[in-house]
Amino acid sequence: MCPPSALAEGVVTRDAFAADEIVQPAVFPGLSELGSRSSALADFAARSEERLQLLTDLSKQKESLTEISEHFKNLTAEIKPLGSPDHWYVDRLTQYLNQFNKIRQDLDALQQKITLRQQEVEGIRAQVIKDKEFWYAWSGELEKQDVAPPQQTMALVKKLLEQLQASLHKTAAPLLQLQEQIGTFHRDVSAASDNLTLALGKLRKATFRKNAYSFGSGKFYRQFNSELRNQTKDGLTAALKFNKSYLQENGWLLGLMIITFSLILSLLHHYRSKLQETDEWHFIIRHSWAAASFFTIIAFWFWFPAPPPLIRFVFLLLAAISATSLAIPLLENRRQAWVLSLTALVIFLTSAFRLIALPQPLFRIYIALLAVIFIPLLVQQLLLSKKSRQSGEGRLYRALMRLVVAVLGVSLIGQIAGYMNFSNWLIQATFETGMVLLFAKMAVMLIAGGIELTTDLLIQSGQSFFREFGEELAVRLKRLLNFLIYSFLVLYLLPVWRLFATVSDGWNYFSQWTIVFGNFHLSMQMLVSAVITFYLSLQISWVLQGFSETEVLIRHDVDRGVRDAVKKLIHYGVVLIGFLVALSLLGLSLQHFVVVLGAFGVGIGFGLQDIVNNFLSGLILLFERPIKVGDGVLIDGEYGTVSRIGLRSTVVKNMDEAELIVPNAQMISQKVTNWTLTNRRVRIVLSVGVAYGSDLEKVLTILTEVSDQHPLVLKKPKPSPLFVQFGDSSLDFELRVWISNIDNRPDVKNELLLAIDRRFREAEVEIPFPQQDLHLRSVDSGILPTPERE
Numbered sequence: 001m002c003p004p005s006a007l008a009e010g011v012v013t014r015d016a017f018a019a020d021e022i023v024q025p026a027v028f029p030g031l032s033e034l035g036s037r038s039s040a041l042a043d044f045a046a047r048s049e050e051r052l053q054l055l056t057d058l059s060k061q062k063e064s065l066t067e068i069s070e071h072f073k074n075l076t077a078e079i080k081p082l083g084s085p086d087h088w089y090v091d092r093l094t095q096y097l098n099q100f101n102k103i104r105q106d107l108d109a110l111q112q113k114i115t116l117r118q119q120e121v122e123g124i125r126a127q128v129i130k131d132k133e134f135w136y137a138w139s140g141e142l143e144k145q146d147v148a149p150p151q152q153t154m155a156l157v158k159k160l161l162e163q164l165q166a167s168l169h170k171t172a173a174p175l176l177q178l179q180e181q182i183g184t185f186h187r188d189v190s191a192a193s194d195n196l197t198l199a200l201g202k203l204r205k206a207t208f209r210k211n212a213y214s215f216g217s218g219k220f221y222r223q224f225n226s227e228l229r230n231q232t233k234d235g236l237t238a239a240l241k242f243n244k245s246y247l248q249e250n251g252w253l254l255g256l257m258i259i260t261f262s263l264i265l266s267l268l269h270h271y272r273s274k275l276q277e278t279d280e281w282h283f284i285i286r287h288s289w290a291a292a293s294f295f296t297i298i299a300f301w302f303w304f305p306a307p308p309p310l311i312r313f314v315f316l317l318l319a320a321i322s323a324t325s326l327a328i329p330l331l332e333n334r335r336q337a338w339v340l341s342l343t344a345l346v347i348f349l350t351s352a353f354r355l356i357a358l359p360q361p362l363f364r365i366y367i368a369l370l371a372v373i374f375i376p377l378l379v380q381q382l383l384l385s386k387k388s389r390q391s392g393e394g395r396l397y398r399a400l401m402r403l404v405v406a407v408l409g410v411s412l413i414g415q416i417a418g419y420m421n422f423s424n425w426l427i428q429a430t431f432e433t434g435m436v437l438l439f440a441k442m443a444v445m446l447i448a449g450g451i452e453l454t455t456d457l458l459i460q461s462g463q464s465f466f467r468e469f470g471e472e473l474a475v476r477l478k479r480l481l482n483f484l485i486y487s488f489l490v491l492y493l494l495p496v497w498r499l500f501a502t503v504s505d506g507w508n509y510f511s512q513w514t515i516v517f518g519n520f521h522l523s524m525q526m527l528v529s530a531v532i533t534f535y536l537s538l539q540i541s542w543v544l545q546g547f548s549e550t551e552v553l554i555r556h557d558v559d560r561g562v563r564d565a566v567k568k569l570i571h572y573g574v575v576l577i578g579f580l581v582a583l584s585l586l587g588l589s590l591q592h593f594v595v596v597l598g599a600f601g602v603g604i605g606f607g608l609q610d611i612v613n614n615f616l617s618g619l620i621l622l623f624e625r626p627i628k629v630g631d632g633v634l635i636d637g638e639y640g641t642v643s644r645i646g647l648r649s650t651v652v653k654n655m656d657e658a659e660l661i662v663p664n665a666q667m668i669s670q671k672v673t674n675w676t677l678t679n680r681r682v683r684i685v686l687s688v689g690v691a692y693g694s695d696l697e698k699v700l701t702i703l704t705e706v707s708d709q710h711p712l713v714l715k716k717p718k719p720s721p722l723f724v725q726f727g728d729s730s731l732d733f734e735l736r737v738w739i740s741n742i743d744n745r746p747d748v749k750n751e752l753l754l755a756i757d758r759r760f761r762e763a764e765v766e767i768p769f770p771q772q773d774l775h776l777r778s779v780d781s782g783i784l785p786t787p788e789r790e
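The sequence shown begins at 1 in the numbering used here and counts up one residue at a time.
Treat the hints with care, since some could be wrong.
As the list claims (entries may be wrong) - Below are the EDC-like pairs computed for lysine to aspartate or glutamate, each with C-alpha atoms no more than 16 Å apart in a straight line: (1) Lys159 / Glu49; (2) Lys102 / Glu249; (3) Lys698 / Glu766; (4) Lys698 / Asp732; (5) Lys274 / Glu50; (6) Lys170 / Glu50; (7) Lys715 / Glu705; (8) Lys62 / Glu133; (9) Lys274 / Glu452; (10) Lys113 / Glu180; (11) Lys170 / Glu249; (12) Lys170 / Asp57; (13) Lys718 / Glu734; (14) Lys698 / Asp636; (15) Lys210 / Asp86; (16) Lys132 / Asp86; (17) Lys80 / Asp234; (18) Lys130 / Glu162; (19) Lys205 / Asp86; (20) Lys567 / Asp557; (21) Lys698 / Glu624; (22) Lys159 / Glu180; (23) Lys158 / Glu133.
Since the hints were made in silico from the structure, they are not lab data.
Could you put together the complete structure from these sequences and hints?
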């Protein structure tokens, strides 16, 4: 079928007839254009006739409608012997409701196709009407001007337009007829679907009501008659009915499943040794066939459109067997494996009885027997686990056992009292929740193992980004995927516990929660979307920063300060974009954002000056780069190394490994000594004093030799031993040397001092200490003794 856009492409329109010629009939072309316009009309008519013939061919659409109708009839005939839907199980109601919804979706798609054809026919009809009005008006205008148009051309134009009108009528009639049939059929399908929806709603509402005879009532036992046996036989026959048409339609999916299973199994065997290196995948290696089966079923489960009960049961059986086989190695001991196997058996039996629609009296007895048999067994397992427990071992297992025992006990009481729906729902919801949690745990481990394996391969590939940030990337991906899995788990369990009919209903309910601020409405969906967007912007910023540093900046030997500035700019830019997108998802337009900025400006005026000042100072530090990460700075008389320049403050690590948090404004507005702004070379000045009477030339020689012999002392500028002054108690010297790296300053200073002391001892050069001589005068003189310094 030609799309509606074909009208604009000239299939059913003619550019030669402009719309303004119809709107303004007073302006018409001259007689000289009669030939070209009639030829254009003839071409338009020929193409339109060809297109209308294609639109009239409805054989495929009628065939699709027939197939859908047959499916509906078969489905209606299938559920007719099952009795009133009010007495069905939830599984059966949900299964048939999904099939009816699938039929409705097919009808909607078919109706859409017919509607598109009708729209195309209407487009041609509108163009024919405009052409007809134009030609009649043009002919009348020529007659007013006493110009006789060629009668043969006008007759041809009239004939073409009349033939097109007849073809349009001929095409529109079957389209309308088929559309009416689809509409009537759609109402029948909707009625059947609404009937099941109503029954499902009644069943969910009646969960906590007494809806059956108690075991103490005689009416309960009078239900066991021949009719009950016939119902069981009919249910078994209906369950085992093979739907050939479904397999014919979806046989390619089954073939693809087999191919996928074989491919996964071969890959697991081929990479067996490699997968053993991943801790999370050890349980897969032990049962590779179960892993391949589990992966395949999970991957294709949602691809099958409303599978029949038998196919659904087979999928469930395979999933339960494979999941149980995979989960057993994850348990702590054999008792837990035994309990898990029994749980899988119960799920299998319950699903089988639901498949054959076991009559309610028999199913109630089955649920009661489950409780009677399993409660003592589970209590025994609980006691054995307590006896053999070690510190903290099996605590979760025992808690789950207590929960299951409580559920079985409550379910047994409910069945005895006649609360059949409540008892059945409680058993089903508990066991299904346990299996879903088991699936989720395995999915988390599988994904974690896949991420670990992938990142290991990427790290081994030698790329700088993955070698530097591969482990951190794996942690972030695990965190994100775990959140997604458990979020979906919560949504999936909502209909299991009958809080909502479907997962989409639960999501729609929570997503529509709204908080009102005046004229502004904030829904939960808007908030979640904004939070996710902002979170993703942070992760994208981290990836871009790491990639730009390892793959671009370092390879081009860019200065450390420039690298930090570029990374900060990337971070601010990506986060700003994410923030703006998040605001738009919250429903805040740019106008609202300007208002927020205005309010923010008022806040700055009142109390945020320091914060904004530090932020702007941080930008200055990044662009002007008077201080860079790794620089050695002197702040308030304390030396340290800059370890990070943030939005508000700079972190400086001192010699004691303590971190000083310095506001960025202080780094800009106050004097800061940067020892490594342009280079890391630094001068060391050592002060040395020798006793009066020492050989000064020998002292200078010793200082020169000591500095020359040290490997880290630079030759240029060459060391400078200097005689400085005559001190109070010593002759003062200074040794001035240069080293290439300030980080070595303490060690070099220490080594030089030790070497000077050793050489002075060898040369018998005395290093004096301060001395004072006390002179006493005669007491007779009346003058008190006063100390004098030499």
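The hints, checked one at a time:
no.: 1; hint: Lys159 / Glu49; result: holds, 13 Å
no.: 2; hint: Lys102 / Glu249; result: holds, 14 Å
no.: 3; hint: Lys698 / Glu766; result: holds, 12 Å
no.: 4; hint: Lys698 / Asp732; result: holds, 14 Å
no.: 5; hint: Lys274 / Glu50; result: violated, 63 Å
no.: 6; hint: Lys170 / Glu50; result: holds, 13 Å
no.: 7; hint: Lys715 / Glu705; result: holds, 12 Å
no.: 8; hint: Lys62 / Glu133; result: violated, 37 Å
no.: 9; hint: Lys274 / Glu452; result: holds, 12 Å
no.: 10; hint: Lys113 / Glu180; result: holds, 14 Å
no.: 11; hint: Lys170 / Glu249; result: violated, 34 Å
no.: 12; hint: Lys170 / Asp57; result: holds, 12 Å
no.: 13; hint: Lys718 / Glu734; result: holds, 14 Å
no.: 14; hint: Lys698 / Asp636; result: violated, 40 Å
no.: 15; hint: Lys210 / Asp86; result: holds, 15 Å
no.: 16; hint: Lys132 / Asp86; result: violated, 61 Å
no.: 17; hint: Lys80 / Asp234; result: holds, 11 Å
no.: 18; hint: Lys130 / Glu162; result: holds, 13 Å
no.: 19; hint: Lys205 / Asp86; result: holds, 12 Å
no.: 20; hint: Lys567 / Asp557; result: holds, 15 Å
no.: 21; hint: Lys698 / Glu624; result: violated, 50 Å
no.: 22; hint: Lys159 / Glu180; result: violated, 32 Å
no.: 23; hint: Lys158 / Glu133; result: holds, 11 Å
In the structure shown, a violation is registered for the earlier hints numbered 5, 8, 11, 14, 16, 21 and 22, in ascending order.
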